[in-house]
Amino acid sequence: MSYFFQLVVSGIVVGSIYALSALGFVLIYKSSRVLNIAHGQIIAVGAFITYALTVWANIPIFISLVFSMGITFFLAMSVERVFLRRLIGEPIISVIMVTIGLMSILDGLVYLTPFGSENFSFPEFLPTTPIGFGGVSISWTQMVGVIITIIMIAAFSWFFKKSTVGISMRAVSDDQLASMSIGISVPKVFGLAWAMAGLSAAAAGSIIGNITGLNFETLHAFGIVVFPVVILGGLDSILGAVVAGIIMGLIQQFASGYLDGNWGLNGTGGVAPYIILLVILLFKPHGLFGIHEIERV
Amino acid sequence: MSSNRWLATGNYFTSYREEQRIFFTSLDRAVMGFFLLCLFVWPIFIDVDNKYMLVIDNILVAVIAVMGLNLVTGFAGLISIGHAAFVGIGAYTIASFSRVLGESHVLLTHAWPVMIIISGMVGAVFGAIVGLPALRLKHLYLAIATLSFQMIFQWTINFMDFFNQGQTISVGRVAWLTGTVSRDQHYIFWYYAILVFIVLTGFSVRNLLRTRYGRCLVAVRDNDRAADAMGMHPGFTKVYAFALAGFLAGVAGALNAYIYRGVGVESFTLHASITYLAMAIVGGLGTLHGSFWGPAAIKVLDLQVEKLAEWSATFLPANMNLATALKPLSFGLVIVLFLMFEPRGIANWWRIFRSYVKLWPFRY
Numbered sequence: 000m001s002y003f004f005q006l007v008v009s010g011i012v013v014g015s016i017y018a019l020s021a022l023g024f025v026l027i028y029k030s031s032r033v034l035n036i037a038h039g040q041i042i043a044v045g046a047f048i049t050y051a052l053t054v055w056a057n058i059p060i061f062i063s064l065v066f067s068m069g070i071t072f073f074l075a076m077s078v079e080r081v082f083l084r085r086l087i088g089e090p091i092i093s094v095i096m097v098t099i100g101l102m103s104i105l106d107g108l109v110y111l112t113p114f115g116s117e118n119f120s121f122p123e124f125l126p127t128t129p130i131g132f133g134g135v136s137i138s139w140t141q142m143v144g145v146i147i148t149i150i151m152i153a154a155f156s157w158f159f160k161k162s163t164v165g166i167s168m169r170a171v172s173d174d175q176l177a178s179m180s181i182g183i184s185v186p187k188v189f190g191l192a193w194a195m196a197g198l199s200a201a202a203a204g205s206i207i208g209n210i211t212g213l214n215f216e217t218l219h220a221f222g223i224v225v226f227p228v229v230i231l232g233g234l235d236s237i238l239g240a241v242v243a244g245i246i247m248g249l250i251q252q253f254a255s256g257y258l259d260g261n262w263g264l265n266g267t268g269g270v271a272p273y274i275i276l277l278v279i280l281l282f283k284p285h286g287l288f289g290i291h292e293i294e295r296v
Numbered sequence: 000m001s002s003n004r005w006l007a008t009g010n011y012f013t014s015y016r017e018e019q020r021i022f023f024t025s026l027d028r029a030v031m032g033f034f035l036l037c038l039f040v041w042p043i044f045i046d047v048d049n050k051y052m053l054v055i056d057n058i059l060v061a062v063i064a065v066m067g068l069n070l071v072t073g074f075a076g077l078i079s080i081g082h083a084a085f086v087g088i089g090a091y092t093i094a095s096f097s098r099v100l101g102e103s104h105v106l107l108t109h110a111w112p113v114m115i116i117i118s119g120m121v122g123a124v125f126g127a128i129v130g131l132p133a134l135r136l137k138h139l140y141l142a143i144a145t146l147s148f149q150m151i152f153q154w155t156i157n158f159m160d161f162f163n164q165g166q167t168i169s170v171g172r173v174a175w176l177t178g179t180v181s182r183d184q185h186y187i188f189w190y191y192a193i194l195v196f197i198v199l200t201g202f203s204v205r206n207l208l209r210t211r212y213g214r215c216l217v218a219v220r221d222n223d224r225a226a227d228a229m230g231m232h233p234g235f236t237k238v239y240a241f242a243l244a245g246f247l248a249g250v251a252g253a254l255n256a257y258i259y260r261g262v263g264v265e266s267f268t269l270h271a272s273i274t275y276l277a278m279a280i281v282g283g284l285g286t287l288h289g290s291f292w293g294p295a296a297i298k299v300l301d302l303q304v305e306k307l308a309e310w311s312a313t314f315l316p317a318n319m320n321l322a323t324a325l326k327p328l329s330f331g332l333v334i335v336l337f338l339m340f341e342p343r344g345i346a347n348w349w350r351i352f353r354s355y356v357k358l359w360p361f362r363y
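Protein sequence lines correspond, in order, to chains A and B.
Note that numbering that gives the first Met the number 0 gives residue 201 to position 202 of the first sequence, counting from 1, and the numbers run on in steps of one.
Note that numbering that gives the first Met the number 0 gives residue 206 to position 207 of the second sequence, counting from 1, and the numbers run on in steps of one.
In short, the hints are calculated from the structure, not lab data.
Ideal Cβ placement from N, Cα and C applies to all residues, glycine included.
Mixed in with the good hints there might be a few duds.
Derived lysine-lysine pairs resembling DSS-like cross-links, with alpha carbons at most 30 Å apart [what the hints assert, rightly or not]: (1) A:LYS160 with A:LYS187; (2) B:LYS50 with B:LYS357; (3) A:LYS187 with B:LYS357; (4) B:LYS326 with B:LYS298; (5) A:LYS161 with A:LYS187; (6) A:LYS283 with B:LYS298.
One-sided excerpt, in silico: chain A residues whose CB lies under 10 Å from chain B [said to hold, decoys possible]: (7) TRP55; (8) ILE58; (9) ILE60; (10) PRO272.
Partner residues are not named here, just some residues of chain A that face chain B (Cβ under 7 Å, in silico) [what the hints assert, rightly or not]: (11) VAL97; (12) ASN118; (13) GLY268; (14) VAL278; (15) ILE279.
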């Protein structure tokens, strides 16, 4: 039974990281209808900036996390300005392919730095003995990661519910023309959505980097793993991203905990989310919380 | 058929039949015939290194695969981020035969055209199965469903002993009328074989697009609800588009297996899927000749970047591997630049060039 609870706990840890990664993704999709395939690369870049500031510039880790969030904020904003602003109104496939191109460019740029070929790990700044209660243990890094995730998600929810900018972002995602007519600058909102996504990506990347170590392949794989999460939750729902993140984390942990090693199966944790995703899409084509678009000829 | 289209001032078609001809004039037909003849004859006069012949073979195989992708993404408008998995299914059909029967079984070495067609059919079956979600899913949700298929495919290959867990499964040398194809004849032999397949598939796709079914694809892309109201069956059309794409991809995969004389999972990863998409985009989505330009452009670019990296390795420190960085960088830049400045791809340059030649020496 404690094995089960252990899996639940690690599922929630993994799931909350998925949720945080998916959050930025959903932000971009919600406001500008862009499927950002380069999100994993932004996550990785955020993690690397945090590492560089912490280790190479000797800044305390929490301050460098804030700095890194600030840098990716402007990085993502400029990405939107340079690459995606010209593609507003182009067909979906063009927009997807631009983000794929962006992914390749970021890949290339990262391979030019030492991060592309070598593995790094963050210095230990938390107690290494795990917290244990009743046979279930969780490491301090994971604990802090989950707490930061919860804070970030709460902050984002507050931002969208209460602040003027957040409300204008929701307005744009609801109806672009109407929000333009009441004086909201739609391109600015797009830029801001990307910037916020970059910010949350840096946070997600730093947390993942602290838990698993800095490996470019692992980090940018998160950009692909978020797909089942966001599709399951519905592409345009923040609540959906959080719920689906937790669900996918649990599925993954249960699959690798119970299926691997039995019946000759191996590595099921990587594939189970996709299978579950396909099954769910058959019954709910717009995910759990996605808006069912009404199409007219 | 006889009037010279290059001198005409406009279209003077009097029937739909006339407008849908592939060749408008006898000259067009003659030029095409001459071009095809050149494609078959040139290796006799020009001696090409095996290394470059392999590149040409690769381009041609990619042309077949991209033709399939163009059918499903360009003509039917269904984004598929799992095309390499279909190609992989074709290749692994050959690999399974090789695993079960032994790599030099008569079926594999002598009946290879049949095997290639069978691989195509297996690809088509999988295409139809993967296309089934298209009955309910749309746009991005469908794109992600194909991505899931790609991931499931990779996992299946990587973790099944039957498929050697993604390691290379070898395929024997094929035989031709003159006996077993030898090592130095291998690539040139496959050049001809693939060329035949390309001519066949190219003409069938061109013809398909003139028929009811082909125009159905375009109608469903433009607006599937309107197409439904016009009496077409969008669901069936989508599944059928995926099946066709699967067929062409399966053929490409089988050819790939024969050229490399082995099948390994690393040629059919997500990255390969993305490369196929990029080829289709760079060539020009929704045009048939775009499927020829795209693979050529991307593969040549790859080759040049490799050369540049090799050259730079002579004066860079040994631990810096520029190729790993430059390849994705140049690939990404090409995609982004094309989408920003020429979203209709190289096919559009060809169109501009043709109208320029036609009107020369006048501007319009």
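(Q) Of the numbered hints stated earlier in the document, which are not met by this structure? (A) Hints 2, 3, 6, 7, 8, 9, 12, 13, 14 and 15 are the ones this structure does not satisfy, whereas the remaining hints hold.
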